[in-house]
Amino acid sequence: MGAYFASLNFLDFLGRLPAAAAQGLFWGIMALGVYITFRILDIADLTVDGTFATGGAISAVLILKGWTPWATVGAALVLGLLAGAVTGLLHTKLGIPAILAGILTQYALYSINLAIMSFKANTAISSTTRNMVMSGLDVNGSLLVCGVIVIVLIALMYWFFGTEIGEAIRATGTNQEMSKAQGINIDRMKVLGLALSNGLVAVAGSLSSQYSGFADVNAGRGSIVIGLAAVIIGEVVGNAILGKKLNFAGHLAFVVVGAILYYVVYTLILWLKMNPNLMKLFTAIIVALFLAVPYLRSRAKSSFAKAGKNSKKMEAK
Amino acid sequence: MLQLKNITKTFNQGTINEKHALNGIDLTLEDGDFVTVIGGNGAGKSTLLNAIAGVWPVDTGSIVIDGQDVTGLPDFKRAPLIGRVFQDPMTGTAPTMQIEENLAIAARRGKHRGLAWGVNNKEREEYKERLKILDLGLEDRLTAKVGLLSGGQRQALTLLMATLVKPKILLLDEHTAALDPKTASKVLRATDKIVNEGHLTTLMITHNMKDAIVHGNRLIMMNAGKVVLDIKGEEKKKLTVEKLLHQFEVVSGEEFASDKALLS
Chain A
1 MGAYFASLNF LDFLGRLPAA AAQGLFWGIM ALGVYITFRI LDIADLTVDG
51 TFATGGAISA VLILKGWTPW ATVGAALVLG LLAGAVTGLL HTKLGIPAIL
101 AGILTQYALY SINLAIMSFK ANTAISSTTR NMVMSGLDVN GSLLVCGVIV
151 IVLIALMYWF FGTEIGEAIR ATGTNQEMSK AQGINIDRMK VLGLALSNGL
201 VAVAGSLSSQ YSGFADVNAG RGSIVIGLAA VIIGEVVGNA ILGKKLNFAG
251 HLAFVVVGAI LYYVVYTLIL WLKMNPNLMK LFTAIIVALF LAVPYLRSRA
301 KSSFAKAGKN SKKMEAK
Chain B
1 MLQLKNITKT FNQGTINEKH ALNGIDLTLE DGDFVTVIGG NGAGKSTLLN
51 AIAGVWPVDT GSIVIDGQDV TGLPDFKRAP LIGRVFQDPM TGTAPTMQIE
101 ENLAIAARRG KHRGLAWGVN NKEREEYKER LKILDLGLED RLTAKVGLLS
151 GGQRQALTLL MATLVKPKIL LLDEHTAALD PKTASKVLRA TDKIVNEGHL
201 TTLMITHNMK DAIVHGNRLI MMNAGKVVLD IKGEEKKKLT VEKLLHQFEV
251 VSGEEFASDK ALLS
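Line by line, the protein sequences give chains A and B.
Residue numbers for the first sequence follow the UniProt record's numbering, beginning at 1 and rising by one.
Residue numbers for the second sequence follow the UniProt record's numbering, beginning at 1 and rising by one.
What the hints contain is simulated information worked out from the structure, not anything from laboratory work.
Hints may contain errors.
Stated by the list, open to error - Derived lysine-lysine pairs resembling BS3-like cross-links, with alpha carbons at most 30 Å apart:
hint : chain 1 : residue 1 : chain 2 : residue 2
1    : B       : Lys182    : B       : Lys210
2    : B       : Lys182    : B       : Lys111
3    : B       : Lys132    : A       : Lys301
4    : A       : Lys93     : B       : Lys111
5    : B       : Lys238    : B       : Lys182
6    : A       : Lys313    : A       : Lys301
7    : B       : Lys128    : B       : Lys77
8    : A       : Lys245    : B       : Lys128
9    : B       : Lys236    : B       : Lys182
10   : B       : Lys193    : B       : Lys182
11   : B       : Lys168    : B       : Lys232
12   : A       : Lys301    : A       : Lys317
13   : B       : Lys132    : B       : Lys186
14   : B       : Lys238    : A       : Lys244
15   : A       : Lys245    : B       : Lys122
16   : B       : Lys122    : B       : Lys193
17   : A       : Lys244    : B       : Lys128
18   : B       : Lys5      : A       : Lys244
19   : B       : Lys145    : A       : Lys245
20   : B       : Lys210    : B       : Lys238
21   : B       : Lys132    : A       : Lys93
22   : A       : Lys313    : A       : Lys244
23   : B       : Lys128    : B       : Lys111
24   : B       : Lys166    : B       : Lys182
25   : B       : Lys168    : B       : Lys236
26   : B       : Lys168    : B       : Lys77
27   : A       : Lys313    : A       : Lys245
28   : B       : Lys5      : B       : Lys77
29   : B       : Lys166    : B       : Lys145
30   : B       : Lys166    : B       : Lys111
31   : B       : Lys232    : B       : Lys145
32   : B       : Lys128    : B       : Lys193
33   : B       : Lys182    : A       : Lys245
34   : A       : Lys93     : B       : Lys182
35   : A       : Lys244    : B       : Lys145
36   : B       : Lys168    : B       : Lys128
This one's a predicted model, so the numbers in the text were calculated from it and none came from an experiment.
Take these sequences, add in the hints, and give me the full structure.
And the structure:
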């Protein structure tokens with residue numbers, strides 16, 4: 001036990017934090033996408049596991065073809081928008097439940113992602129490539145660039161969801177009957193929201209592959225859970241710090257904070273020399289716990305068990 | 001303003017739960033008609049309003065609003081012509097959004113929604129003035145989330161939203177039934193005011209016979225998916241609950257089947 005603690009170097013942990021923050025930043029973009037579907041549209045969209053890898057794959061392949069890395073982010077965005085729209089159309093035009101529509105698109109994307117990479121499971125981007133948007137070889141530079149991208153995206157989202165059409169998307173997510181009565185085409189709003197969400201996720205996938213230097217067809221596996229974890233951690237922390245003062249921009253900012261915190265914890269677990277393969281188990285437990293909190297809180301106030309206890313107490317008197 | 005011709009609707013056709021909800025409705029509303037709709041449970045009152053609103057397609061017949069045949073249009077495409085207030089106070093408003101955002105969404109009913117700001121300062125002032133009509137103090141709470149409001153407040157807000165863009169026809173589906181008596185009468189007063197000032201063509205379902213007699217210039221009674229009574233003008237002014245019940249028994253050959261209507 002003593003030897004274990006002696007082997008831990010706290011400075012080493014601090015040294016790993018910038019890289020954790022950089023990862024947290026591009027996963028934060030992914031989580032912003034999840035926020036659009038999960039919180040604004042009230043849909044659990046599983047397409048993202050596919051679109052994250054799509055973004056990475058298209059970027060890697062195009063960079064190898066000589067594209068400017070920045071332009072490949074745009075290409076990832078377009079593919080992400082399309083994939084999200086497909087899920088939206090499966091859901092609204094063919095009546096497939098949203099969660100199943102997302103699973104179908106994600107499943108199809110696995111083949112498409114492989115096809116993009118000429119049917120290889122991964123594609124390495126030459127480390128000598130210049131002008132990458134972000135790279136693990138330059139962590140501080142990556143932090144700066146990705147930080148700016150995140151701020152611009154949050155500003156854009158704040159603006160967009162304050163416009164007439166953004167308002168219509170939010171209304172669709174919170175009350176469909178009311179939205180229809182007010183003349184909103186809720187099918188169109190769902191498709192639009194799903195497209196935007198997956199566009200952001202693909203951008204995150206593109207940045208991720210540039211940062212790590214390779215694209216992998218499995219890069220997005222389980223990313224929905226990481227995105228949800230970021231959204232939920234961000235909400236809990238945001239509410240604890242700002243409480244009722246937390247406005248929409250604050251919510252978005254704390255989603256990214258949540259993603260960064262997630263990667264700080266991840267780094268901590270690696271530093272503690274725990275098996276990183278257990279991280280998925282921990283993440284799932286954390287997400288399940290936080291998702292359960294509102295339900296458990298309401299049960300603490302009123303439940304059959306409590307009512308039964310009260311009744312017995314009364315009889316005892 | 002509204003012409004219904006031979007509207008029929010059967011739910012669960014061909015199953016054991018088959019229900020002929022509307023059995024050939026013919027109804028014409030003149031511009032400015034304020035029609036109260038009464039009838040027992042399952043008479044087809046709500047179904048009639050849903051048919052007009054376009055919640056689902058009708059089986060036969062035609063629906064013409066202000067000269068426009070809307071029979072083939074879904075609800076959100078009819079919305080520019082129609083204002084709706086629902087029985088459940090939760091249905092008509094978006095709880096996670098602010099009062100002013102809800103109103104702004106309603107102010108754009110039937111208009112193009114683009115990338116302009118969702119709420120602008122000019123309309124905020126207008127909303128304050130309109131909210132004062134309700135007399136609920138909402139004019140000072142423009143940025144409060146609607147989910148924090150009481151059922152009565154939400155219903156009054158829905159009423160305002162339904163009429164912010166002047167509808168060709170206003171559909172009120174027992175919009176005070178879920179409220180306590182005091183709030184209900186407040187919302188009904190606001191309804192009268194808004195309908196009369198705007199000269200709105202209105203269909204109002206109510207379970208309360210007295211309300212049905214006091215409000216509006218015309219009264220229809222439904223039974224088994226048909227309009228069985230249609231009373232307007234001077235004749236309506238002379239109506240009493242007893243006369244109405246008697247007429248119902250004569251027309252339908254059975255007793256009025258809703259205790260709630262008699263007791264309230």
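How the hints compare with the structure:
1. B:Lys182 with B:Lys210: Distance of about 15 Å is within 30 Å: holds.
2. B:Lys182 with B:Lys111: violated (36 Å)
3. B:Lys132 with A:Lys301: violated (37 Å)
4. A:Lys93 with B:Lys111: holds (24 Å)
5. B:Lys238 with B:Lys182: holds (26 Å)
6. A:Lys313 with A:Lys301: holds (17 Å)
7. B:Lys128 with B:Lys77: Holds: Lys128 of chain B and Lys77 of chain B sit about 29 Å apart, inside 30 Å.
8. A:Lys245 with B:Lys128: Since the Cα atoms of Lys245 of chain A and Lys128 of chain B sit roughly 24 Å apart, the hinted pair holds (cutoff 30 Å).
9. B:Lys236 with B:Lys182: holds (26 Å)
10. B:Lys193 with B:Lys182: holds (17 Å)
11. B:Lys168 with B:Lys232: holds (20 Å)
12. A:Lys301 with A:Lys317: Given that 30 Å is the threshold and the Cα spacing comes to 23 Å, the pair holds.
13. B:Lys132 with B:Lys186: Given that 30 Å is the threshold and the Cα spacing comes to 13 Å, the pair holds.
14. B:Lys238 with A:Lys244: It is violated: about 55 Å lies between the C-alpha atoms, which goes past 30 Å.
15. A:Lys245 with B:Lys122: Holds, at roughly 25 Å.
16. B:Lys122 with B:Lys193: Holds, because 24 Å separates the two Cα atoms, which is no more than 30 Å.
17. A:Lys244 with B:Lys128: holds (24 Å)
18. B:Lys5 with A:Lys244: Violated, because 53 Å separates the two Cα atoms, which is more than 30 Å.
19. B:Lys145 with A:Lys245: Holds - the C-alpha atoms of Lys245 of chain A and Lys145 of chain B are around 13 Å apart, at most 30 Å.
20. B:Lys210 with B:Lys238: holds (12 Å)
21. B:Lys132 with A:Lys93: violated (42 Å)
22. A:Lys313 with A:Lys244: Roughly 38 Å between the alpha carbons, so the hint for Lys313 of chain A and Lys244 of chain A is violated.
23. B:Lys128 with B:Lys111: holds (22 Å)
24. B:Lys166 with B:Lys182: Satisfied, since the Cα-Cα distance of roughly 27 Å is no more than 30 Å.
25. B:Lys168 with B:Lys236: Given that 30 Å is the threshold and the Cα spacing comes to 24 Å, the pair holds.
26. B:Lys168 with B:Lys77: Holds: Lys168 of chain B and Lys77 of chain B sit about 14 Å apart, inside 30 Å.
27. A:Lys313 with A:Lys245: violated (42 Å)
28. B:Lys5 with B:Lys77: holds (20 Å)
29. B:Lys166 with B:Lys145: Distance ~25 Å between Lys166 of chain B and Lys145 of chain B Cα, so the pair holds.
30. B:Lys166 with B:Lys111: Since the Cα atoms of Lys166 of chain B and Lys111 of chain B sit roughly 13 Å apart, the hinted pair holds (cutoff 30 Å).
31. B:Lys232 with B:Lys145: violated (42 Å)
32. B:Lys128 with B:Lys193: holds (17 Å)
33. B:Lys182 with A:Lys245: Answer violated: Lys182 of chain B to Lys245 of chain A is near 35 Å, above 30 Å.
34. A:Lys93 with B:Lys182: violated (45 Å)
35. A:Lys244 with B:Lys145: Judged against 30 Å, a Cα distance of about 12 Å means the pair holds.
36. B:Lys168 with B:Lys128: Given pair Lys168 of chain B, Lys128 of chain B holds - Cα atoms ~24 Å apart, limit 30 Å.
Violated hints, in rising order: 2, 3, 14, 18, 21, 22, 27, 31, 33, 34; the structure is consistent with all others.
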